[in-house]
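Colleague: Single-letter residue listing:
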Amino acid sequence: MLLESVAYARPETVDQALEMLSSTDGAAPLAGGQSLINVLKHRVASIELLVDISRLEELRTVQDRPDGTLEIGACVTYDELEHSEPARAAHAVLADVAGHIEDQQIRNRGTVGGNCCLSDPTNNLPPILVALGATMNIQSAGGVREVPAEEFFEGYFTTAVGEGELLRSITVPPLPAGGGAGYSTVAVGADSKALVRAAAMVRADGQIEDARVVLACVAPAPFRHTGMEGALRGSEATAAAVREASLVIGEDLSPPGDVHASADYRREMARVVARRSVWQAIEQGGGRRG
Amino acid sequence: MTPNGVTAETVTRPAEPTEEVGQWAGQSVPRVEDRRLVQGQGEFTDDVWMHRQGYAHFVRSPLAHAKITSLDVSRALALDGVFTVLTGEEAREMCSLPFFQIAPEPAGKIEEWPLAVDKVRYHGDAVAVVLAETREIARDAAGLVEVDYEPLPAIVDTVRSADPDAPVLHEQVGSNVAWKGTYDWGDIDWALQNADNVVKIDRLHFHRFSSTPLECNAAVVHWDPGTDTVNVRSNNQMPMFASMVIGPTLGVASNRLIFASQDIGGAFGVKIGSYPQIAALALLSRKAGRPAKWTEYRTDHMLSAGQGNERVFLDTEVAVLKDGSILGFKTRAFDDAGAYLHYEPLGAVIWSQVCCGCYKLKHIRVDYTETLTNKCPTIPNRGYSRLQHLWFLERMIDIVARELGFDPVELRKRNYVQPGDYPYETPNGCVYDSGDLPRSLDMALDLIGAERWRERQRALGTGSGKRIGIGIGSTLDSGTNNFGQARIINPQLPFSGNGEAAYVKLDLYGEINVNLGTTPQGQSHETTAAQVVADVLGVKPRDVHVTAGFNQQQNTYVAFSGTYASQFAVTGLGAVKGAAERLREEIIELGAYALEAQPEEIELRDGACTVRDDPERMIPLIGIANIVYSNNAVLTPEMRDRLSLNARYVYTPPFHVPDPEAKTGNLTLTYASQIHACVVELDEESGEVEILDYAAVDDCGTRIHPQIVEGQVHGATALGIGAALYEAFEYDEQGQLQQASFYDYHAITSLDAPDIKVADIESPSPFTLNGAKGMGEGGGAPLHAICSAIQDALGPDDAVVSESHNTSERVWRLVHSGERGDPRGVTVSTRDSSE
Ligand SMILES: Cc1cc2nc3c(=O)[nH]c(=O)nc-3n(C[C@H](O)[C@H](O)[C@H](O)COP(=O)(O)OP(=O)(O)OC[C@H]3O[C@@H](n4cnc5c(N)ncnc54)[C@H](O)[C@@H]3O)c2cc1C
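As you go down the protein sequences, you meet chains E and C in turn. Note that this note's numbering has the first sequence beginning at 1, numbered continuously upward. Note that this note's numbering has the second sequence beginning at 1, numbered continuously upward.
Excised from the complex, chain E in its bound form:
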């Protein structure tokens, strides 16, 4: 587990970073390094130049706009997000998710942008960002383009970020009135391999008005389960109704099977985490029946 020799640069500005990334073959951004350095140690990728963006102040802030929108810089660490007041006020569930990624050492270094750009299907943040309807702001020399989180995660380790581009920030809209968010995982042990995850955003008032249900770890990228969303919409905000709606999840999934769990188990657990996250979202939004 040792690095091959690799060039390293620490630009002063985002523009410089973009310049380096687009002008050097085999250049890649280095954020917290919690995945990239391991990948290099295992020698499953080879990179010529690491462009360290982790200290660029432009990418390191969490801001709340007057309309309640939260803007999270790509290089904000999990620990910073967990403890950010604006983030906690607007999206407590998101802050909690950040606070439960692996262990404290990783939370001190791992970044929101790195977590998204790696696009490991088991990563914690992607499903909650999709559920919350976040927008990913991708910057290149030509300017910033916006991509909905739902379209950003393209598959195993691939995202909408192209050559010479950087994820600059993520904007998360405020929860709608009566809306709440939820998140649930079945994992090996307290802080190890995730087998299946779900995130939800639900608007309810005794009855479910709208629901976004996102599943992860069971496909190359997190995705909205529109079947369950449809089944939820209009139904009562009760545990029984949520359970009923979750039953539509099943044969349509073809999750991976490995040494930690079979595909069958992951499929079953997709239902379980889906209903847990939806129920948490209903509780958080205060819209449960009775």
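Since the hints were made in silico from the structure, they are not lab data. A few of these clues could be false.
[As the list claims (entries may be wrong)] Partial list, derived from the structure: chain C residues whose beta carbon lies under 10 Å from chain E:
id, residue
1, D148
2, A728
3, Q739
4, I748
Don't be surprised by glycine CBs; every beta carbon is placed ideally from N, CA and C.
With the hints as your guide, set chain C with the ligand onto chain E.
Modeller: Same frame as chain E, now just chain C with the ligand:
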């Protein structure tokens, strides 16, 4: 309340210091080792640096079973900074003999060399080793060694590997059977015929895992042409065994093969197994003419450092009377030793130290087969060979209780060895020294508040989605082996008894020095040895300097020396006590001589000899040292000749040679007990297990240092829980290890471990010098406590818990096994009472 929430009434405090126990033993004095360890001043093997050293990296097989058709090192040698590469073939040519085998023939014909020759036998088998200027270059060069393999079919299942048509690992053996034999004590056929009920359990499986010490293996080996010695600085925990195995292979006499170690970052038995690598490094050093330094990577460790034994129990039958008395059992055990026999097949007898566990079973038959498979060789991992068997026995007890409608607590108490039964002789001639199992169980159940949980369990009913289960694990940690048991495996082996050595001396100015034959890895030998010496010599522990670590040229030792197999409190401290007493006699004699008094009149306390009732007549230890070291003309010639203030003592336990025919004998000296109780909550829809409460009651006789004992209990408990829920080494059909890093092998962390309530009983061992019993390994009680609690939470139609490893998925399948109509894995036949 103690910090663990244990109320004082439930904790048996160590006896008040008495004349006999002394002032210091029994107290949790501050650990001597802590200061250097927490300040980063420890010296671990990787901290050792030698002039001209190179860094070694092993080239490992990616395949589980294959012929090596070619091996080309030219590209590796061409890399700048590479000193040399040693291949398996070269290593064999440099060796005098293959490694010594414990097994009788035919498995005794196995030829194992420091590196694989002609053929690889498991995923991770080393075929060559590179030496280079830096770690990085060594690793790069290892990647450039080109090996062509012709794959052979792999066998990973221990039961199938014994089939005559299974692919054979070692051709000269003719099959994969490493050892096979029947243990038959009492009359199990009679018992099964006369039992009111016979419970049959189809299959129980104890899985592979390990202890994954924080520090992997490491060694700096220098074949020094100048002094014609081979110097091994390593973290091997049983250097004398390593020396005896590799000395003849390397053709190096044991007085020139010098092992040394200081701090070791955890070992748990796994670090008994680094001798093949050390042998390869010695040859590498010889070839390169440089010291070879090796610090194992975690993945190398997981692939090849050694894993715990996996065991399958087939067709078990248990004979039970109406009143719940269990007469005995029979079973067919298959144990998977992996690709080579490292320390094995000793596991095939070591389980029998606890053949009946905590129970008064009289009739036992075990058909035992140990097999070779295309997997990493096993190594004596914490609880070695006994925890597999104890888990099996505990499963048997719980399953009998469930099938026949007994309360598992009452069934245990009825069948436990009772406090009045000690010394208790087991059917195979082992002697349990002391204990109080029923009271230990009551204490454990009290600590978790079992009654309250039973009510919660009933109140929970169905429909909540949750289930509560209460579980028990009752095990023994048998300590201080009689190595004569090796003869039950191979009657030709000239081994028996056990022992440990210690050396205590008074230094120039009256200071006290101690050195040991042991290689501690966190067991605080420096602290406890100082306590014992302080009591004997009437000084404070801080006045006693215990040499850190082991060095074969400076320390005293016997062939059994090392730190393994739960024995230091008995053998190590027994030796320390004996040596300190010898020194005490000399000091008193010299004191009496100097003070012109009779030896009987001399008191040794506060660092001085004083004449009883006449405190004015006193000589401090510095004065005693002065006489012998620098003023010896004052002594008589006879005293000058005899007294040295240097005392060595070898403690030897009172063992006899076991009977290899009957497979009986007193196999271990002491039996510490671990009675654990826990409460789990199962989530029906996911199978997730949460531990709601956990208690461990240990009885290891007289405790020299209660806090150190407690630390060992916590560690062993966490390891067992980790094994029961998360940790496993599994191989696919092709023999590929599935968990070769911590990404896939989830070692338990503090986030997973529950708060552990601990309490103790002290039943002094009548067989040891200080009443202590070995206890470091623990008997694997948590593994069973968890399985038992899961079983308790399941419904009557659900399958029995037949695996020691229970992932969420496995538990989820168990929770739904009844409704799915899965086979339960157990049947009961009841004797017709009219017969
Ligand atoms: C032992 C361990 C366990 C882990 N377990 C988990 C887990 O359970 N859940 C989880 O979510 N994560 C887990 N991680 C991964 C961790 O969260 C990583 O930090 C994360 O995947 C990447 O974040 P990073 O900031 O470290 O990015 P890096 O490792 O620096 O980069 C990751 C990838 O993203 C690219 N990248 C980074 N930032 C940007 C950007 N702004 N724009 C474009 N591309 C960018 C890099 O080029 C690289 O390809 C674990 C890590 C370790 C070491």
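Colleague: Starting from the hint list further up, note which numbers the structure goes against and sort them upward.
Modeller: 1
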